[in-house]
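Make a model of the complete structure from these sequences and hints.
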Amino acid sequence: MLGFLGVLVDGLSYGALLFLLSIGLSVTLGMMGFINLAHTALAMVGGYLAVTLGERAGWSFGWAVAGAVAAATVLGVVLERGLFQLMYRKSELAQVLLTLGVMLMATAGVTYVWGPSLQFVQVPAALTGRADFGPIDFSRYRLMLLALSVVLLVALLVGIERTRFGTMIRASVDNQRVAAALGIPIQKVFMATFAIGTALAALGGALGVEALGLDATFAMKYLVLALLVVVLGGAGSITGTFAAAMLLGVLNIACAYYLPEIGSFAMYALMLVVLLVRPQGMRGLSKEAA
Amino acid sequence: MKRRLTLELAAAAGLLLTSAGLAAQTGEPLRVGIITELSGASADSGRQGRQVLELFMKQHGDTVAGRKVEILYRDAPGASPELARRAAQELISREKVDFIGGFGFTPNAIAVAPVVTAAKKPMIIMNTAATSVITTLSPYVMRMSFTLPQVTQPLAEWAAKNGIKTVYTIVTDFGPGTDAEKMFVKTFEAHGGKVIGSVRTPLANPQFGPFLQRARDEKPDAIFAFNPGGDQAVQFVKAYAERGLAKDGIKLLTTGDIVDDAFLNKMGDAALGLISSHHYSTAHDSPENKAFVAAYREAYGAKERTSFYGVGSWDGMSAIYEVARRTNGSFTGEEAMKILCGLKLTSPRGPISFDEHCDIVQNVYIRRVEKRDGELYNVEFATFPAVKDPGKAAK
Numbered sequence: 016m017l018g019f020l021g022v023l024v025d026g027l028s029y030g031a032l033l034f035l036l037s038i039g040l041s042v043t044l045g046m047m048g049f050i051n052l053a054h055t056a057l058a059m060v061g062g063y064l065a066v067t068l069g070e071r072a073g074w075s076f077g078w079a080v081a082g083a084v085a086a087a088t089v090l091g092v093v094l095e096r097g098l099f100q101l102m103y104r105k106s107e108l109a110q111v112l113l114t115l116g117v118m119l120m121a122t123a124g125v126t127y128v129w130g131p132s133l134q135f136v137q138v139p140a141a142l143t144g145r146a147d148f149g150p151i152d153f154s155r156y157r158l159m160l161l162a163l164s165v166v167l168l169v170a171l172l173v174g175i176e177r178t179r180f181g182t183m184i185r186a187s188v189d190n191q192r193v194a195a196a197l198g199i200p201i202q203k204v205f206m207a208t209f210a211i212g213t214a215l216a217a218l219g220g221a222l223g224v225e226a227l228g229l230d231a232t233f234a235m236k237y238l239v240l241a242l243l244v245v246v247l248g249g250a251g252s253i254t255g256t257f258a259a260a261m262l263l264g265v266l267n268i269a270c271a272y273y274l275p276e277i278g279s280f281a282m283y284a285l286m287l288v289v290l291l292v293r294p295q296g297m298r299g300l301s302k303e304a305a
Numbered sequence: 048m049k050r051r052l053t054l055e056l057a058a059a060a061g062l063l064l065t066s067a068g069l070a071a072q073t074g075e076p077l078r079v080g081i082i083t084e085l086s087g088a089s090a091d092s093g094r095q096g097r098q099v100l101e102l103f104m105k106q107h108g109d110t111v112a113g114r115k116v117e118i119l120y121r122d123a124p125g126a127s128p129e130l131a132r133r134a135a136q137e138l139i140s141r142e143k144v145d146f147i148g149g150f151g152f153t154p155n156a157i158a159v160a161p162v163v164t165a166a167k168k169p170m171i172i173m174n175t176a177a178t179s180v181i182t183t184l185s186p187y188v189m190r191m192s193f194t195l196p197q198v199t200q201p202l203a204e205w206a207a208k209n210g211i212k213t214v215y216t217i218v219t220d221f222g223p224g225t226d227a228e229k230m231f232v233k234t235f236e237a238h239g240g241k242v243i244g245s246v247r248t249p250l251a252n253p254q255f256g257p258f259l260q261r262a263r264d265e266k267p268d269a270i271f272a273f274n275p276g277g278d279q280a281v282q283f284v285k286a287y288a289e290r291g292l293a294k295d296g297i298k299l300l301t302t303g304d305i306v307d308d309a310f311l312n313k314m315g316d317a318a319l320g321l322i323s324s325h326h327y328s329t330a331h332d333s334p335e336n337k338a339f340v341a342a343y344r345e346a347y348g349a350k351e352r353t354s355f356y357g358v359g360s361w362d363g364m365s366a367i368y369e370v371a372r373r374t375n376g377s378f379t380g381e382e383a384m385k386i387l388c389g390l391k392l393t394s395p396r397g398p399i400s401f402d403e404h405c406d407i408v409q410n411v412y413i414r415r416v417e418k419r420d421g422e423l424y425n426v427e428f429a430t431f432p433a434v435k436d437p438g439k440a441a442k
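Going down the list, the sequences are from chains Z and R.
Here my numbering is used: the first residue of the first sequence is 16, the next is one more, and so on.
Here my numbering is used: the first residue of the second sequence is 48, the next is one more, and so on.
Hints are computed from structural coordinates only; laboratory data are not their basis.
Treat the hints loosely; a few may be bogus.
DSSO-like cross-link-like pairs, simulated, lysine-lysine; straight-line CA separation at most 30 angstroms [what the hints assert, rightly or not]: (1) R:Lys266 - R:Lys208; (2) R:Lys294 - R:Lys418; (3) Z:Lys236 - R:Lys241; (4) R:Lys418 - R:Lys439; (5) R:Lys285 - Z:Lys236; (6) R:Lys208 - R:Lys241.
Structure follows, in structure tokens:
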């Protein structure tokens, strides 16, 4: 029982990072129909920037993460305005090829600047070690990730439901043409949404340096997982993405713990089943439309 | 008439080729083809090996027996047997190398073995463990590095004799990993210990957390672990420290791959107290090693280190120079192998020699990670002398 609790916390915190890494991808796919395979590359850049600010410039962890997120978001917006928006009307294949190319360039770029090996950040003492709860203990860092993901989920849901901007996003997701006809500034909404998605991805990358390990293969590795989350959760749905990320996180960790011979096969088997039975993902189950 | 001309031409050509062949040896450069990791995740290790080779040539001169030594590097990043095989073919047929060396990954060595056997060129496995059988498959393969069974057996014996009764093993799921696991279990249980669980982690992108958690829940006296080293090793040690296993009194026993000297400082204090077994430590107390380490630091930086990886390259080059000296620069593949396999050298790691399969026989040391002058070292405290590879007998 205690072992299971440990697996649960590990799995949910892993899911929290997956959520951060994939929510931006889900929304851009659902809203703009734009397949952005360079999404995790932006997360990776966020990670590397956090490492540089934390280790080379000597900033404290919190500020290093904040700085990395800000810088990566700016980079993401520049990329979106300068390059990606030219592809919105093009075919899916063209989008895939372009964004994949961007991802490969990013991977080569970080290898050139930082080298291929694992990077490290200095995590503040309050987040290291275990938190004791009697017979069981949990990693403090992982508990922080869990708490953060819940806070962000609530913030995103409130933002989407209660704010004007959220309404504009939902309208754009439902029917782009009508929304534009009603005077919603589609391009600005896209740009802002892309920025938010990139910021969250960069946050995932920066926090993932400690929990997932950051090296030059990060973008490719987590792209597959992010796509898995989006397929499972349904593109464009926040609660869907959250549920899918948590499910996959727990599944992955639980398999490694109880059935290590299976490896990651369980996750991919699940994706296969979902694609065959319900290709739109879990989205249909959630009440929110976005 | 035509037939006779053809015959004469063929004879002339044959003569020319053989004389060219002979001329290719005397006065011609001595070419060594090194197949190693120049890019990819293990590029750091490949770079170490290269620096050691260049240092060797700087110290011993770049000419031996009247022939200028040329090293040709070819990239086989990570486990890429196809690339390694093609590189070997190109090095032998186009560049006409006299030796093939290097190899930081087992599959690469295995892929090249048939190539050198067909071409009758000597091959020296300098860095990777490779599986035990490789030296039995070809008379042209010499191992200068180590094997997993060779360094694991003493560790298991030491553990059983030093109060460790139960062990949980965590190894990576590939050749060297399974070699290590089998040898550890066999030896540990032969000395009265009990292996209460075994698990294998994937070779690519393993998440060590759940595996260590499971091990912790089984409450063994110690965990025996093996993984390819480098970044995986750092992640593993960090995960071990993070999960509070040391606090629970669960020791960590590993082969030297995990506490690789070149990556040790990156692990920080999480690595203190780790017990490992290996054939080389940069803290080894011998005049040859002190000179080796000092020379490396002088050439590449006061904080720079090399590890068992570099020592393999160093000794490999020593062996090549020895062959050239004893044959005055002119040798066939068979002659080179005969000399190589009969060598007895004093390496920076200690004394080394070779068995009937041209496999290395060397000391294996049990070490503990300690801090000296602000840096982490594997300090040797027990020695198993002249250990032959037990892996072949086990099959």
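Quiz prompt | Broken hints, by number | solution = 3 and 4
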